[in-house]
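Visitor: Take a look at the letters that make up each chain.
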Amino acid sequence: MRRLFEVGELLGDRDVRVVVTCGTGGVGKTSVSAALAVAAAESGRKVVLVTVDPAKRLATALGLEGLGGEPQPVPGITGGSLDALMLDMTATFDDAVRSHAPKNRVDEVLRNPFYKALSTSFSGTQDYMATEKLGQLYEQAQATGRWDLIVVDTPPSRSALDFLDAPARLDRLAEGPVLQLLAPSSGPLKLISAGLSQVTWVISKVIGSKALSDLQVFASAFETVMGGFRRRAAVVRTLLSSPAAAFVIVASPRKAALDEARFFVGQLRDRGTTARGVVVNRVSPAVPLAPEAEESLLLEPEAYAWWRASWVTWRAQRARMVKALPTSLPVTLAQTLEREVTDLDVVRELGSLLVDGAGLAEEDEGPVVDV
Amino acid sequence: MYATRFSGVGPGTTVTSSHPSDPQLSRICFVACTSSGTVTYSHFCMALTIVPRCGHEPSMRVPGGLGAYPGAMPDVAPLHIVSGKGGTGKTTVALALALMLRRSGETLVCEVESRHGLTEAAGLAKVEEGEERRVTIGGQELRMLSVDSRHALRDYLDHVRLGVAGALLEKTGFVDFASELAPGLRDVLLTGKVYQAARRRMKGQADAVDAVVMDAPPTGRIENFLTAGEALAEVVVVGPIAPQAQSIMALLRAETTQVHLVTTCTEMALTETLQTIDALTKHGIAIGHVIVNQVMADPPPLPDGVTDPALRAAWERDTAVAAEQRPWADRLAERLSELGRGPALTLPLLPDEVGPDDLVQIADLLAEGWYA
Numbered sequence: 001m002r003r004l005f006e007v008g009e010l011l012g013d014r015d016v017r018v019v020v021t022c023g024t025g026g027v028g029k030t031s032v033s034a035a036l037a038v039a040a041a042e043s044g045r046k047v048v049l050v051t052v053d054p055a056k057r058l059a060t061a062l063g064l065e066g067l068g069g070e071p072q073p074v075p076g077i078t079g080g081s082l083d084a085l086m087l088d089m090t091a092t093f094d095d096a097v098r099s100h101a102p103k104n105r106v107d108e109v110l111r112n113p114f115y116k117a118l119s120t121s122f123s124g125t126q127d128y129m130a131t132e133k134l135g136q137l138y139e140q141a142q143a144t145g146r147w148d149l150i151v152v153d154t155p156p157s158r159s160a161l162d163f164l165d166a167p168a169r170l171d172r173l174a175e176g177p178v179l180q181l182l183a184p185s186s187g188p189l190k191l192i193s194a195g196l197s198q199v200t201w202v203i204s205k206v207i208g209s210k211a212l213s214d215l216q217v218f219a220s221a222f223e224t225v226m227g228g229f230r231r232r233a234a235v236v237r238t239l240l241s242s243p244a245a246a247f248v249i250v251a252s253p254r255k256a257a258l259d260e261a262r263f264f265v266g267q268l269r270d271r272g273t274t275a276r277g278v279v280v281n282r283v284s285p286a287v288p289l290a291p292e293a294e295e296s297l298l299l300e301p302e303a304y305a306w307w308r309a310s311w312v313t314w315r316a317q318r319a320r321m322v323k324a325l326p327t328s329l330p331v332t333l334a335q336t337l338e339r340e341v342t343d344l345d346v347v348r349e350l351g352s353l354l355v356d357g358a359g360l361a362e363e364d365e366g367p368v369v370d371v
Numbered sequence: 001m002y003a004t005r006f007s008g009v010g011p012g013t014t015v016t017s018s019h020p021s022d023p024q025l026s027r028i029c030f031v032a033c034t035s036s037g038t039v040t041y042s043h044f045c046m047a048l049t050i051v052p053r054c055g056h057e058p059s060m061r062v063p064g065g066l067g068a069y070p071g072a073m074p075d076v077a078p079l080h081i082v083s084g085k086g087g088t089g090k091t092t093v094a095l096a097l098a099l100m101l102r103r104s105g106e107t108l109v110c111e112v113e114s115r116h117g118l119t120e121a122a123g124l125a126k127v128e129e130g131e132e133r134r135v136t137i138g139g140q141e142l143r144m145l146s147v148d149s150r151h152a153l154r155d156y157l158d159h160v161r162l163g164v165a166g167a168l169l170e171k172t173g174f175v176d177f178a179s180e181l182a183p184g185l186r187d188v189l190l191t192g193k194v195y196q197a198a199r200r201r202m203k204g205q206a207d208a209v210d211a212v213v214m215d216a217p218p219t220g221r222i223e224n225f226l227t228a229g230e231a232l233a234e235v236v237v238v239g240p241i242a243p244q245a246q247s248i249m250a251l252l253r254a255e256t257t258q259v260h261l262v263t264t265c266t267e268m269a270l271t272e273t274l275q276t277i278d279a280l281t282k283h284g285i286a287i288g289h290v291i292v293n294q295v296m297a298d299p300p301p302l303p304d305g306v307t308d309p310a311l312r313a314a315w316e317r318d319t320a321v322a323a324e325q326r327p328w329a330d331r332l333a334e335r336l337s338e339l340g341r342g343p344a345l346t347l348p349l350l351p352d353e354v355g356p357d358d359l360v361q362i363a364d365l366l367a368e369g370w371y372a
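Going line by line, the protein sequences match chains A and B.
Residue numbering for the first sequence follows my numbering, beginning at 1 and increasing consecutively.
Residue numbering for the second sequence follows my numbering, beginning at 1 and increasing consecutively.
There may be inaccurate statements among the hints.
The calculated lysine-lysine pairs, modelled on DSBU-like cross-linking and capped at a C-alpha distance of 35 Å, are [stated by the list, open to error]:
#, chain 1, residue 1, chain 2, residue 2
1, B, Lys-126, B, Lys-203
2, A, Lys-116, A, Lys-103
3, A, Lys-323, A, Lys-255
4, B, Lys-126, A, Lys-323
5, B, Lys-126, A, Lys-255
6, A, Lys-116, B, Lys-282
7, B, Lys-203, B, Lys-282
Pair ranges (Cβ atoms, derived) [claimed, not checked]:
#, chain 1, residue 1, chain 2, residue 2, range
8, B, Pro-303, A, Pro-243, 50 to 60 Å
9, B, Glu-316, A, Glu-6, 39 to 49 Å
10, A, Gly-69, B, Asp-158, 40 to 50 Å
11, A, Ala-91, B, Gly-204, 29 to 39 Å
12, B, Gln-246, A, Pro-301, 54 to 64 Å
13, A, Thr-144, B, Ala-323, 40 to 50 Å
14, A, Thr-274, B, Leu-124, 32 to 42 Å
15, A, Ala-91, B, Thr-307, 26 to 36 Å
16, B, Glu-120, A, Ala-59, 28 to 38 Å
17, B, Thr-319, A, Ala-316, 16 to 26 Å
Pulled a few chain A residues facing chain B out of the computed Cβ check, cut under 7 Å [as the list claims (entries may be wrong)]:
#, residue
18, Pro-285
19, Glu-300
20, Ala-303
21, Ala-309
22, Ser-310
23, Glu-338
24, Thr-342
Just so you know, the hints here were simulated from the structure itself, not pulled from any lab data.
Where is the CB? At the ideal position from N, CA and C, for every residue including glycine.
If we strip away everything but chain A, and leave its shape as in the complex, we get (with noise of 0.2 Å):
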């Protein structure tokens, strides 16, 4: 038996002030985050669930239609409380543009077509909003006592680690050459060299004069921002490698799911962070079968193939969580629900599932019967 992820105990836990989950899509992440939420929230805790999916599909589990990018109290929750906000890409960078900006520039960033681009259209800039408004929701916490836990659903990018790194990235773009290149007025390169004028032709090449020279513009608006960006980004990074902040990995018991399950176990360790467990969600119900009742399934003989597809893929999905999740990793196995995660109650189920958890046999139970 594999060690038993105790997700009431993790929830239960008042100094985790933050739980990550992160995952592949279609393993149903946002089903599970919200589960999460609700569950913690109906132990007693203050809880706010951010999600980032631009599918929407957090309204429609909790029943709330245009969830606004603020938070909104979640209606029906006993004991203690639950809000809920769907991140809004666009409303987010204009608010942080706007705090962050000398007042003077905020117009001039906000109209630059680079920014618009940039805050309407290119899906990366998801992870740069996310680890923004975590920030604020964290800072916002800890100024009014309004949360004591946030529960963060992360972006549906080409790697959850793609919101962990968000604030790297954010510090490297600002250090690296290609922001200062492009406004070297205000930064420490006022004096460009051969070498770097010929880069800033090359950009020219590619996207042409006109664009560079927006570019430029935007770049020495955008730099002004940075600043203000970048500490929020810093508070968030002290935040996700703190033991206040917990992550949990989501998969389910397909074979890419679980490699990747595996695959984030590995880069959360080289984070410096362990992974507290990991859900597999959607596992196929356990088949087993009573000899008498063999005998006679035996003689239907499509009674006895709907048996053993299920026996099969029962087995099978078994062997490949044993084989592919690391030993050291606390499970939790969530069967499939009967009903779609689309309404309050099947969240409450889905979250009494995780917190009461059924864990990971090493071995098979019941007969093979092959014929």
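Starting from the known structure of chain A, arrange chain B on it as the hints suggest.
Guide: Here is chain B on its own, set in the frame of chain A:
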């Protein structure tokens, strides 16, 4: 056989068409049958028809969209973009579709920064980032390409004769800048590689293919991904990247390009699928098939002798899941018919994970229903 929506034409009608810029592509097309607003053309004549799409200039629709008629449009290989909500089996369907298309000509299947998803799904050794290789699945040989933005940027700089500058740009961090701060550029570079692959025949390349299948990002990101060229073209009006971004958008809007959406019979996946149809249609990008995957059939009745409670519970659960799916299948059918689209294709829930043999079986299922 090839089908498209067309009004005012019936079985037996002959449609002629020509395109000002490609008069050599003028074709006579014989309409074989129609049903519920869908026109099916016989494939023995080289059918090409002009279909006006909302708000856009009349554009060409070529039967080669199926990839079955290599002669139909000699310059650009049909591009099949497969997207879907995460976990719906998008990669599996992309591979099966490639196997289906392979029966009619050379086929390239490519992934865009999806970490060896294709090779994993097919149980093959990794195709490294930026690499293209021949692979064999279920006895059929496919070309498989893994597109990665760094390689794509370097190739692009070579292409615009700035190869030497590539190293310089990489050194100054411009490559990081391009692929991290401005991921729109990254998306354009990725689709750019696929664009090149579709145009190999036109360029007379030896590695030309008759169809290209792209295992694209999931529906949550597909709109931004496919319209990155538009976003980029708005900020970059001159310079070589601007026409590049425009050509990519032109390819994506061409009638030889279709986005197929994989979904499951669940509210969330279906909602996302329908939203994606609306969003992409607004951008003038054509939707091909909706493929409903992992459809649970009603379990067969259990014999009376079976009393095992766990077995009964599993049976009841499967029955409940099948019943849960049915109304969503009906809802989808209704909505697709409102949109004037043909019915969705359905694929059954397979026990456990899909292996290479299953891929061939799925390709058969796809071929059966593809234009029916």
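Visitor: Now, for every hint given, state plainly whether the structure supports it.
Guide: Verification of the hints:
| no. | hint | in the structure |
| --- | --- | --- |
| 1 | Lys-126(B) with Lys-203(B) | 29 Å, holds |
| 2 | Lys-116(A) with Lys-103(A) | 18 Å, holds |
| 3 | Lys-323(A) with Lys-255(A) | 10 Å, holds |
| 4 | Lys-126(B) with Lys-323(A) | 20 Å, holds |
| 5 | Lys-126(B) with Lys-255(A) | 15 Å, holds |
| 6 | Lys-116(A) with Lys-282(B) | 20 Å, holds |
| 7 | Lys-203(B) with Lys-282(B) | 31 Å, holds |
| 8 | Pro-303(B) with Pro-243(A): 50 to 60 Å | 56 Å, holds |
| 9 | Glu-316(B) with Glu-6(A): 39 to 49 Å | 30 Å, violated |
| 10 | Gly-69(A) with Asp-158(B): 40 to 50 Å | 43 Å, holds |
| 11 | Ala-91(A) with Gly-204(B): 29 to 39 Å | 50 Å, violated |
| 12 | Gln-246(B) with Pro-301(A): 54 to 64 Å | 59 Å, holds |
| 13 | Thr-144(A) with Ala-323(B): 40 to 50 Å | 47 Å, holds |
| 14 | Thr-274(A) with Leu-124(B): 32 to 42 Å | 33 Å, holds |
| 15 | Ala-91(A) with Thr-307(B): 26 to 36 Å | 59 Å, violated |
| 16 | Glu-120(B) with Ala-59(A): 28 to 38 Å | 32 Å, holds |
| 17 | Thr-319(B) with Ala-316(A): 16 to 26 Å | 22 Å, holds |
| 18 | Pro-285 | 6 Å, holds |
| 19 | Glu-300 | 5 Å, holds |
| 20 | Ala-303 | 5 Å, holds |
| 21 | Ala-309 | 4 Å, holds |
| 22 | Ser-310 | 6 Å, holds |
| 23 | Glu-338 | 5 Å, holds |
| 24 | Thr-342 | 5 Å, holds |
In the structure shown, a violation is registered for the earlier hints numbered 9, 11 and 15, in ascending order.
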